[in-house]
Amino acid sequence: MAFANANFGNFDQRNLRNIMDTFTSEAPKRTDSVLYKQYINGSRYVDFSGNAYKINLFTDYSTQTWGKNRKRMITQRPDGIIDVKKQTIVLHDWQLFEEASQALGPEFYDYFKISNRWSLEMNAGTPDMMRADGFKELKCKNSDVNTWFPGIKIDLVNYNVLNKPPKKYKNTADNWKKLQRLRANGRARARKGNDRALARLDMYKRTGDASVIEMTDAFKLFNVSDRREVIEMFGMDTILASRDTKVLDKDTVDERPYELVSVEIEDVGSIKGVRWCNYLRMVNPSTDEIHFEGVPNTVATVKQALGWRDGEIEPKWNGANNPRTMEGEYIKPKILT
Amino acid sequence: MVKYQQGDVLFKQIDPQEFRKERDKNLEVSSQGRYNSYHTMEITSQYYNDKEPEGELDGGKCTVALGEATGHHHSFMQGSPGVVVTAYKQGWLNSETPARCHYVAVEKGDATVTHQEHKPITLPSGYYRVEIVREFDHLGQMERAVVD
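Residue numbers (our numbering), protein chains in the order written: chain X, 1 to 337; chain L, 1001 to 1148.
Calculated from the structure, these hints are not laboratory results.
For every residue, glycine included, the Cβ atom is placed at its ideal position computed from N, Cα and C.
It cannot be assumed that every hint is accurate.
[To be verified] Pairs of lysine-lysine residues, derived as DSS-like cross-links and limited to a Cα-Cα distance of at most 25 angstroms, are as follows: (1) X/Lys332 - L/Lys1012; (2) X/Lys334 - L/Lys1025; (3) X/Lys334 - L/Lys1003; (4) X/Lys316 - L/Lys1119; (5) L/Lys1119 - X/Lys334; (6) L/Lys1003 - X/Lys250; (7) X/Lys303 - L/Lys1012; (8) X/Lys332 - L/Lys1003; (9) L/Lys1119 - X/Lys332; (10) L/Lys1012 - X/Lys334; (11) X/Lys250 - X/Lys205.
[As the list claims (entries may be wrong)] A short list of chain X residues far from chain L (calculated; beta carbon distances all over 12 angstroms): (12) Arg30; (13) Asp47; (14) Val90; (15) Gln95; (16) Asp110; (17) Ala124; (18) Ala188; (19) Lys220; (20) Val295; (21) Leu306; (22) Lys334; (23) Leu336.
[As the list claims (entries may be wrong)] Which chain X residues face chain L? A few, computed with CB under 10 angstroms, are given here: (24) Gly193; (25) Arg196; (26) Arg200; (27) Arg227; (28) Pro296; (29) Gly311.
Just chain L, same shape as in the assembly (with noise of 0.2 angstroms):
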């Protein structure tokens, strides 16, 4: 597995056909007959640069997480000529997390990931599962996603 970190944030390469199947998998009608929304997966923002920003989807910049005290973000604001940089969200997405997204297409070319306090990195053309890495705090005896 190809990883990429910036701070706390992991993306992680998946491969193309299994992010498909998670994307499809709310297509899909259980024995009951009811579509599982669990699985739903929902775009929650899009980057792309080669047409202007539409909708409330906001073309011009993508943010896979959000620091709560800093205000600071991971976001996808530049790429190279027609890239398209898609987050999306997995079902119900627990509201303690800083991620905003599970999953992001990165296609049609490279896209740059950026933060105020991280050097940039770049993520070629590929799916990627969007991780927030963990701590182990002593005193609450648990474990949670790193929050800043």
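Bound-form chain X, shown alone (with noise of 0.2 angstroms):
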């Protein structure tokens, strides 16, 4: 058995038929084997071993002696084999994809990119919750496969994915889409109701005609000052009585009132058209001018929102399929003005 701790050669070299060539050139029977180590940074590397008819692929994370997994062994199942005489290559470990210009070279890497995807919600604390998990995501440019998968299959010559992905990877990565989507799309329309609210505030300020300001802009605006402003106009009662509310919990900190509102606002990115949301009413304890600003739909009492408006509160994750709790404690200001 040969050993080389060398790379493959320089970064523009190094391609996948550069390995497969040296391998055949080194090792050409099935009982001979060269062992060829890639790094892909200072410290980070990619084993490569085998012969003209199969090389194996380890990270260095399968093959490491520290830590957690020292135990595990070089013999276990590789990270991604070469089939040599196919010109395929399967893949087990996302890793090496993202890794894939160091260690599979360039042109691999051009063909090829993952991106980690965080799991998403939408409308935390209300029966319309939608969650979706995290995958990683795959961008292949001669096929429509958008996850990585264990056992990806790669046809070396015009790099197609020559398998599909199993159901609950594919389903998976098609939830995610359709809840990004629809993230994307409800900020979309909250950036142009904030636009066109704006522009009749605007309108309403040259003009001083007061009619073409809409009630629902006190929910549209992202500035609390220009919202006051419609809220002023309007006044608070008013425009919760154009809603269905509800009043889930009042209190009186330091002498000054707080209600935390649940309102039923518009949203055609639901499936009923509209959505329940938590809103803190409040007054201004200098000019008693009221407030409203929005809360989780996690929160159920008003010291729970202030808390959390103060960053003090936070929710607590208790699993996929659990509502979230609310852990901390609300700290009550030495002065509040």
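Join the two chains, each given in its own frame, into one complex according to the hints.
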């Protein structure tokens, strides 16, 4: 068995064809074997071992001799297998995609790009809550496969993906993309709503015509000072009376009244077309003006809402199928003006 | 923890040692021999009343947050004789946040923070982390610092 502890050449020369040629020339028989260590940075590497027929790939994490996996042996299933005769590669570890430009060459990286997508959540704390698990998104130039899955088989001649992802992986990816689309649409609607409400407010300021302002602008404007102008114009009670509302909790902190209100607002993205959203209604202690600010639907009391607002209370993750609870305690300010 | 609140700006008192540790982090060299620029603390403005203002930092006013629509600002403009208020920014600052600093050091006396729409509050000598209260945008499904 021959050993080598060097890269396959400089970055520009590095590609799967050169790698396969190296093994074909140096280990032409099935009984031959050579080992190459391809560094991907100063410390991480991928081991290539095999011959002119089959090359096994092991990432350094698989062969590490430290940490909790130190008892793992190199006799385990390889992280990637190149079939030299059939010109295919099967990958069992997504990290090889991430390290592709260094380990497998820039040409391979040009065809496949992997990105980590974190889990998403929408409408948390409501019956309409939607959740999508995270996944590893794969962008393939020559294939419509959109997710990483263990055992992905790639043709090394034209870089096509030769097998299909299992249903579990495909559904996870499709669900995530659907939720991401809904979220992006929601944000775009919010931005547009803010822009239009701002334009109406601007028109009112220029012309003095109050009829251009809509009551729902109180929910659409991002800026609380602009929002306050709309609230002053109509009155908070009138705005709330125009919509379905529920008072969830009332409390007094330092002789100042607070109300946690759930308001039904239109949402074309949701299944029912409307959505219940929690808002905290409060009074500016210095000017007695009413303020109205959104809080997550996971808060149930005024104190929780105040604590969340000040960054002292956070929703606690209780698993994908359980509602979130609030964790932390509200600290009353020594002075509040 | 002791906190003071003026409208949407929170002043959370922190331990002087914790503050000094944060401030001096930029002096630490990492194991790779580099300074950590993310932790670099820069003075953004300063207020003092025992001498004439000088230089870019303008010793006449120390602004900690600025309202983009109204132009109103939370600023230190008064204090006990000899007080020095220094506002520090840590690393990069998100351009979308109305905060102008992350920490405020009130030294050698008490200082008063004022705002056009809120009653002034007097902070005793100490070190404070400055935070902006947040709100949840139900239409956009995201949380963000309150802007005014």
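Tell me, which hint numbers fail for this structure? 2, 4, 11, 17, 18, 19, 20, 21, 22, 23, 25 and 26
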